[in-house]
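Chemist: So you can see what is in the structure, the chains are spelled out below.
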Amino acid sequence: MENGISLWHRTVAEWLRGAGSWALSTLKTLGRMYIFLLYSLAYVFVPPFKYRIFLRQIQFIGTKSMVVIFLMGSFTGMVLALQIFHTLRKVGSEAMLGPAVALTLIRELGPVLSALTITGRAGSALTAEIGIMRITEQIDALTSMALNPMRYLVVPKIVAAMITFPLLTAMFDFIGIWGGYLVGVKLLGLSSGTYFSQMKQFVDMRDILIGFYKSFSFGVLVLWICCYKGFYTGYGAEGVSKSTTEAVVMSSVLILIWDYFLGTLFI
Amino acid sequence: MIEIIELTKSFGPQKVLDGVNLTIRDKELIAIIGESGGGKSVLLKHLIRLLRPNSGKVLVDGEDITRLRRRALDRIRQNFGVVFQGGALFDSLTIYDNIAFPVREKTRLSESDIHDKVEEALLDVGLKGIEEKYPDEISGGMKKRVALARALITEPKIVLFDEPTTGLDPIMLHAIHKLISDTHKKYGFTGVMISHDIPEIFSIVDRIAFLYKGKIEVIGTPDEIRASGDPIVRQFITGSLTGPIEIVY
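Note that the protein sequences, when read in sequence, are chains A and B. Per the working numbering, the first sequence runs over residues 1 to 267. Per the working numbering, the second sequence runs over residues 1001 to 1249.
It is possible that some hints are incorrect.
[What the hints assert, rightly or not] Quick list of the computed label-pair ranges, beta carbon to beta carbon:
1) B:Q1078 to A:L27: 34 to 42 Å
2) B:T1166 to A:F49: 47 to 55 Å
3) A:R32 to B:T1166: 46 to 54 Å
4) B:F1011 to A:L182: 24 to 32 Å
5) B:S1055 to A:I267: 30 to 38 Å
6) B:F1011 to A:Y39: 23 to 31 Å
7) B:E1105 to A:L27: 56 to 64 Å
8) B:S1036 to A:R32: 25 to 33 Å
9) B:I1171 to A:K242: 34 to 42 Å
The hints are simulated quantities; they were obtained by calculation from the structure and are not laboratory data. Keep in mind the model is a prediction, meaning the values are calculated, not measured. By construction, the Cβ of each residue, glycine as well, lies at the ideal position given by its N, Cα and C atoms.
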């Protein structure tokens, strides 16, 4: 019996120790991530500004994502129109197709799917890039030159994301609406006037601003996670590969959670 | 002058530095030797606070860099140049831009002055015609030379070399050693070099410190080290498999 009790005590103690250690390490990571974000945002406003690196990031995150955003946007709009049209026909409201496609894209799918797409295309690459710089001591080299690595590796990327995410989202929405037009008007026979005139009536500036706020905050969120994961990567190729996977998974999940919170805020 | 006082550093349960005491004199070229994985690179990284110790001090010209805030630390770091083990060249920049990088970022020199400095630095390390190449397009030996050129271009007071000859053939090894020796004579910097190249380094350095089990076991001139009766030092410099140093395969 005594042995049984002592074994039970030991097991509980072990479990508590494990839980405590996990809680402490999680708290430490969250604190470090928070400080990382604060520094990144603070340095946005402190000169010297790295214009060249910033422009390179605009090209990498923005220009190079355009093709995939075009494809994602057009097919999302087409699928949306196809599904919504059949639902609306059941209640005899096909005329609402335009606003339904536009509002879904502008308020929800545009910002979320653009952010997920850019995370997969650019976010993962940026984590790997910073991670490789960490394991090959390039970040140490910057530090040893009395230069702040955050200014070179993180700030220009975050600022570029603040600009490119909303622009790519706008492109996604625009292409998506035309994709919906293609299916709704050209394929399913809705009149072009109905598609656009109803849209004008139901979509207002507030919807567009909601989409903008979302995409802007997704930009900061994704680059924060991806840069952080690269900056504090583990050892070797395996460490970089793990960081890259974690960055993509964490960014994707947080995009959806953050989208829900913003959704409840702006509903 | 750099003074390391009772420096300790652990990674988890593993104690890597266990009270290191070492004084590095101005303008000397000192080599730190020791077993692989024995903490030499860890010690070197403490000299520029790329790592923070668990306890102890690192005094650079009398200032304890383990306690400095970022701005004051950066002021001290301006006096350093570092040649990292793999070169740590920025792979998105050309060789020219890599060497010019610290000058562009830390001075207000015109592009033509920077050009002259880069050309001179490349000449110092015996390279020419690779300015437009990227680090991945040049050999390991060339990378080390470029890293040296980048470290020297700001004419630092102290240069740290982290195994500058690892992975090089014997001829290139001698070439890099000669280069370090020549540039040391030319610029008169204080040099701290981590090395495994025994006995080759004996001919270029002023002193050798032997790091063993987290402490400096012996320090002396190359002749003193050669003549040392310490069985640990003797085993290490002769590379013998038998002796007090445990061989871990």
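Chemist: Per the hint of 34 to 42 Å, is the separation of the Cβ atoms of I1171 of chain B and K242 of chain A within bounds?
Modeler: Taking Cβ atoms as reference, I1171 of chain B and K242 of chain A lie about 40 Å apart, which means the hint holds.
Chemist: Does the Cβ distance between T1166 of chain B and F49 of chain A fall inside 47 to 55 Å?
Modeler: 38 Å, violated
Chemist: Is it true that the C-beta distance of S1036 of chain B to R32 of chain A lies inside 25 to 33 Å, as the hint says?
Modeler: 31 Å, holds
Chemist: Given a hint of 23 to 31 Å, does the C-beta separation of F1011 of chain B and Y39 of chain A actually sit inside it?
Modeler: 25 Å, holds
Chemist: Can the suggested window of 56 to 64 Å be confirmed for the beta-carbon pair E1105 of chain B and L27 of chain A?
Modeler: About 36 Å separates the Cβ atoms of E1105 of chain B and L27 of chain A, which means 56 to 64 Å is violated.
Chemist: Check the following: the C-beta atoms of Q1078 of chain B and L27 of chain A are separated by a distance inside 34 to 42 Å.
Modeler: 36 Å, holds
Chemist: For the range 46 to 54 Å, tell me whether the beta carbons of R32 of chain A and T1166 of chain B fit it or not.
Modeler: Because 32 Å falls outside the window, the suggested range is violated.
Chemist: Is the gap between the beta carbons of S1055 of chain B and I267 of chain A within 30 to 38 Å?
Modeler: Since the Cβ atoms of S1055 of chain B and I267 of chain A sit about 55 Å apart, the hinted range of 30 to 38 Å is violated.
Chemist: Can the suggested window of 24 to 32 Å be confirmed for the beta-carbon pair F1011 of chain B and L182 of chain A?
Modeler: Given range 24 to 32 Å: violated, Cβ gap about 59 Å.
When held up to the earlier numbered hints, the structure conflicts with 2, 3, 4, 5, 7 and fits the remainder.
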